[in-house]
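Engineer: As a plain string of letters, each chain reads:
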Amino acid sequence: MALDSKIPKGPLADKWTNHKNKINLVNPANKRNIDIIIVGTGLAGGSAAASLAELGYNVKTFCYQDSPRRAHSIAAQGGINAAKNYQGDGDSNYRLFYDTVKGGDYRSREANVYRLAEVSGNIIDQCVAQGVPFAREYGGLLDNRSFGGVLVSRTFYAKGQTGQQLLLGAYSAMNRQINRGKIQAFNRHEMLDLVKVNGKARGIIARNLVTGEIERHSAHAVVLATGGYGNVFYLSTNAMGSNVMAAWRAHRRGAHFANPCYTQIHPTCIPVSGDHQSKLTLMSESLRNDGRIWVPKKKEDAIAIREGKLKPTQLAEEDRDYYLERRYPAFGNLVPRDVASRAAKERCDAGFGVNKTGEAVYLDFAAAIQRYGKEKALTSGIENPSAEKILELGEAIIEAKYGNLFQMYEKIVDENPYKTPMMIYPAVHYTMGGLWVDYNLQTTIPGCYAAGEANFSDHGANRLGASALMQGLADGYFVLPYTIGDYLSDDIRTGKISTETPEFDEAEKHVKDRIQKLMSAKGEHSVDYYHKRLGKIMWNKCGMSRNAKGLQEAIDEISALRKDFWENVNIPGDSAGMNTELEKAGRVADFLELGELFAKDALNRNESCGGHFREESVEQSGEQKGEALRDDENFKYVSAWEYKGEPKDAELHKEELTYENIELKTRSYK
Amino acid sequence: MKLLLKIWRQKNASNKGQMVDYPIDGIEEDMSFLEMLDVLNEGLINKGEEPVVFDHDCREGICGMCSLQINGEPHGPDRKVTTCQLHMRMFKDGDTITIEPFRANAFPVVKDLMVDRSAFDRIQHAGGYISVNTSGNTIDANATPINKGDADNAFNAAACIGCGACVAACKNASAMLFTSAKVSQYALLPQGQVEAAERVQAMVAQMDSEGFGNCTNTGACEIECPKGISLENIARMNREYLSASIKG
Amino acid sequence: MGGIIKSSIARKVAMALSGLFLVFFLLQHFSINLTSVFSKDVFNTTSHFMGTNPLVQFVLQPVLIFGVVFHFIMGFILEIQNRKARSIKYAQYNGGANASWMSRNMIISGIVVLAFLGLHFYDFWIPEINTKFIQGDMSGIHNGELRYFTELQHKFVSPVRTLLYVISFAFLALHLLHGFASSFQSVGVNNKYSGGIQKFAKAFAIVIPAGFIFVAIFHHLNH
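Going down the list, the sequences are from chains A, B and C.
The letter at position 183 of the first sequence is residue 183 when you use this note's numbering, and the numbering goes up by one with no holes.
The letter at position 131 of the second sequence is residue 131 when you use this note's numbering, and the numbering goes up by one with no holes.
The letter at position 148 of the third sequence is residue 148 when you use this note's numbering, and the numbering goes up by one with no holes.
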């Protein structure tokens, strides 16, 4: 089957408007007869649920959490981009579009990204109207900050809790519809399969996580807004429950999975402290504006620090290696996320890591504290300030800017980051890959849509800071409500979809058999045991830097681990009633398949682009020697994988990417 | 570290539960409280026993899932943290730690330490929103300037993560801090003031019908709130409610 | 009454307003008591006025009694409702970690004050009603002079009674330490003046009961 991205014709800037003008609508009376299932209630799912219910459709939402408001969108810190140009610094839809495509290393679809930029302003209007308390200036107008190395200030924020505030906004819109009876919220429910009738998505099989009951739910369309699959690495900044199950079940039913290997590894996370670690905590990217990243120059110093014999503050300036400033003099500590992450790994692999596991680098604020302290002394008219006074003034300024982050760091690590450098290390944060969707966000299964991080559409091979929130809300508030209507206009005479059909019988049996099989495994090792092992394989062989040999090994090892898992996993209790180990087992089983496809995709893409770095594809000479080398001639396409049984047998479909409005360039930060 | 854990075990909502003792060894100071429970559970699973069930998700203090009453205090002895941010260095080798679910009739136990907080959701369904449709045609975000102080206060109220520690801490199991945070966020913003009277009445009525206790201003909720939601919000809700009642 | 005042906030406000009314009454009662320390005549005259003025007797007194009864019945209703809101108790509840003893034990301090009210009625109010309305003696004269001061002194001869009064006033102070300041919060006052209001309320909660104690001990020592 050839992939049809259904990109509307016409000039880039007019595509979305023209498309909206031409698509079919469903009249209000008919909407009352149409049901839509939305799985996942984060920014994309929550906003879609509210908007579709407002239009009059009957919406059912599903989430595994105890409330829609707890979806992991809530943890986004930094902000949300919008091309409002409130600062008058030359921002525009085109510039946001351009930055996003370039930031994605030219691996995203022009038309989708332009639409994203186009609706970005509406998102801010909508959220303010809902009562989202964005940060404001003293004049009462909205404040902006700059983010992720772009040249304009276009990021709207609510302290370090932007994701939380936006999600609560979407949830409040859901509340209104729940109160009207237009949304039925099924919380503590997990989708275990997609049901297709005559080739169209017509419902799901879900497990009530409290009672253990397997339930059938039918609808005229199904939206998957289930987030990313970063937890395939076991350790990530994702929530403990974040999983790929819904997307993977749809994949197994015929939805192509696109670019699974595109993973964003965020450079500033709190390092792993030991084997007990269950998750990683992000420290906002904004810290790199003032912190300098370094490791010791001499290996013996690094060893002494690891053994606790030497303190970082004792190390003389000339014994420190500010490796980002050394390698990338133009951008220094502000290189993009993927570059900063790889550079940290390179130093730690070479033996210069600074915590007891050897996997951490310093993020040092001493210089910034001195600089701010002196500036403040000067502007406050303090002559000949003492060293203590400078320190005091400087620390106060750093506290005002990053106080909550420093406090969080101190709680977790038990070290005072004002006095000793922070330790950071990269961690898996976001997955750009996901279900393949066309311009309408429909997957290759008619009637099955994917939104937010769960789809692959807008970020290419690397996502810019503050763009994830924008995409989730754009999809849910402003794209799906139109494009789903177009599809559903054919369904006004269909009537209620029955759940008493052979298709539902088959899907339910499939789900029950799978649970039965999991429960009857021999019980050697816990689910976490397998998840941790999978994570190790992924991190070591499909992590920040990848090569053909390692990826091939990963495919084989994951395949063997999966076999072992199905034979030997240990799930105590039974499947009737709540069983958290059974829940985890189902998720890990799917990660064990996805991981293999991930490695296969990474193996296939023999180029370095964005977050995907292949050791075989680096610049061989010149100023850029050793840096990532993109191969536009051979890999300027989206890899969409079709399920064919074992993940390693998946069939590749290519969607060629065309760039009519942007010239492809090499990213250089030297 | 070696510890004695006293943990509430309850098979499901209809079963009677009881406290069970679990000695545990090999706990490190760097572990979070939930990672300590992970270690306990790994041991139980390997013995073929059912692990202790507790709510948790983001493990970075923002989703509001985690909810344990630890040594008689919600989210344990540390301040301004959720249970997932509580670290074992707050405890000493040899300590006995009592771990119970958040207790309130409005929060029935689901299993072990997991409780059902859907009462909070129903309070929000009743009025926790501004009636505006998604259209893309709302007025420009900067058309209505909002005083920075009001915007900041609205944010501070909106920072509530809905974990239920306020209810768990309150000797009366009152949900006033939670409800008032939700009411306040909208009451402080011009967008929310249009339907302020209906909102506060609907939300308070729902709160009362859920079986929470009455507020007696002990202030325990504010002290235990991981996000530092202020008692001012309760006073504001009382004001809003009175003025709504007087206006009829 | 829980049925009449349906919402929890209305109950809370009613509790606060009735409490504030009683605080005001306490101040008035204390002012009159204090005169007994300085001047027997002023005390007698004021007491006679309060005891015989129809407005005080037939309007203010019933209002006061209603206020007291309302406050304690409402208090009991709230306490019962609040206990019911958590039918399974914590095995370990560290209430002292986050709230004062006074705020958590209003029912205890309230019951002590209520018991004291019984004693106080037995000591003063019932004899008064007996003299004035059953025996019909509205003159206030006994042995040729106004009887109030003598009766007062007579009551504080007993060290046991004096001690009971002292203890009761201590509990009244505990009750007021939380209740008075808290009532402002209940009626929605929480602004830039709150800090001052809180300090004033706390000072009042200590000074007035201490004053009552002083008067009791003074008469015990000077009869």
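Incorrect hints may appear among the rest.
Claimed, not checked - Listed next, the in silico DSS-like pairs over lysine-lysine satisfying Cα-Cα at most 27 angstroms (straight line):
#	chain 1	residue 1	chain 2	residue 2
1	C	199	B	16
2	C	89	B	6
3	C	202	B	247
4	B	6	A	401
5	A	309	A	376
6	A	411	B	80
7	A	401	B	148
8	A	389	A	401
9	A	299	A	389
10	B	171	C	40
11	B	148	C	192
12	A	159	B	47
13	B	11	C	89
14	B	47	A	356
15	A	84	B	148
16	A	84	A	15
17	B	11	A	522
18	A	536	B	11
19	B	47	A	563
20	B	2	A	411
21	A	532	B	2
22	C	199	B	171
23	A	419	B	80
24	A	159	C	199
25	C	84	B	171
26	B	171	C	6
27	A	311	A	200
28	A	532	A	297
29	A	670	A	536
30	A	159	B	92
To be verified - Partial list, computed: chain C residues near chain B (C-beta under 7 angstroms):
#	residue
31	93
32	96
33	135
34	136
By construction, these hints were calculated from the structure, which means they are not laboratory data.
Beta carbons are placed, not taken as given, at the ideal position from N, Cα and C, and that holds for glycine.
Engineer: The structure should be examined with respect to each hint, and the outcome stated for every one.
Structural biologist: Hints and how they fare:
1. 199(C) / 16(B): Not OK: residue 199(C) and residue 16(B) at ~47 angstroms, beyond 27 angstroms, violated.
2. 89(C) / 6(B): The given pair, whose Cα atoms are some 15 angstroms apart, holds under the 27 angstroms limit.
3. 202(C) / 247(B): violated (33 angstroms)
4. 6(B) / 401(A): violated (42 angstroms)
5. 309(A) / 376(A): Violated, at roughly 35 angstroms.
6. 411(A) / 80(B): holds (10 angstroms)
7. 401(A) / 148(B): holds (18 angstroms)
8. 389(A) / 401(A): Given that 27 angstroms is the threshold and the Cα spacing comes to 19 angstroms, the pair holds.
9. 299(A) / 389(A): Distance of about 35 angstroms is beyond 27 angstroms: violated.
10. 171(B) / 40(C): violated (48 angstroms)
11. 148(B) / 192(C): Satisfied, since the Cα-Cα distance of roughly 17 angstroms is no more than 27 angstroms.
12. 159(A) / 47(B): violated (46 angstroms)
13. 11(B) / 89(C): holds (18 angstroms)
14. 47(B) / 356(A): violated (32 angstroms)
15. 84(A) / 148(B): holds (20 angstroms)
16. 84(A) / 15(A): Holds - the C-alpha atoms of residue 15(A) and residue 84(A) are around 20 angstroms apart, at most 27 angstroms.
17. 11(B) / 522(A): Measuring from Cα to Cα gives roughly 24 angstroms; hence the hint holds.
18. 536(A) / 11(B): violated (34 angstroms)
19. 47(B) / 563(A): It holds: about 23 angstroms lies between the C-alpha atoms, which stays within 27 angstroms.
20. 2(B) / 411(A): holds (22 angstroms)
21. 532(A) / 2(B): holds (25 angstroms)
22. 199(C) / 171(B): holds (25 angstroms)
23. 419(A) / 80(B): Satisfied, since the Cα-Cα distance of roughly 22 angstroms is no more than 27 angstroms.
24. 159(A) / 199(C): violated (34 angstroms)
25. 84(C) / 171(B): holds (11 angstroms)
26. 171(B) / 6(C): This hinted pair holds, its Cα atoms lying about 21 angstroms apart.
27. 311(A) / 200(A): violated (63 angstroms)
28. 532(A) / 297(A): Judged against 27 angstroms, a Cα distance of about 33 angstroms means the pair is violated.
29. 670(A) / 536(A): Violated, at about 32 angstroms.
30. 159(A) / 92(B): Given that 27 angstroms is the threshold and the Cα spacing comes to 35 angstroms, the pair is violated.
31. 93: Hint holds; residue 93(C) Cβ to chain B Cβ min 5 angstroms, cut 7 angstroms.
32. 96: Interface hint status for residue 96(C): violated (9 angstroms vs cutoff 7 angstroms).
33. 135: violated (44 angstroms)
34. 136: With a minimum Cβ separation of about 45 angstroms from chain B (threshold 7 angstroms), the hint on residue 136(C) is violated.
The structure shown violates the earlier hints numbered 1, 3, 4, 5, 9, 10, 12, 14, 18, 24, 27, 28, 29, 30, 32, 33, 34.
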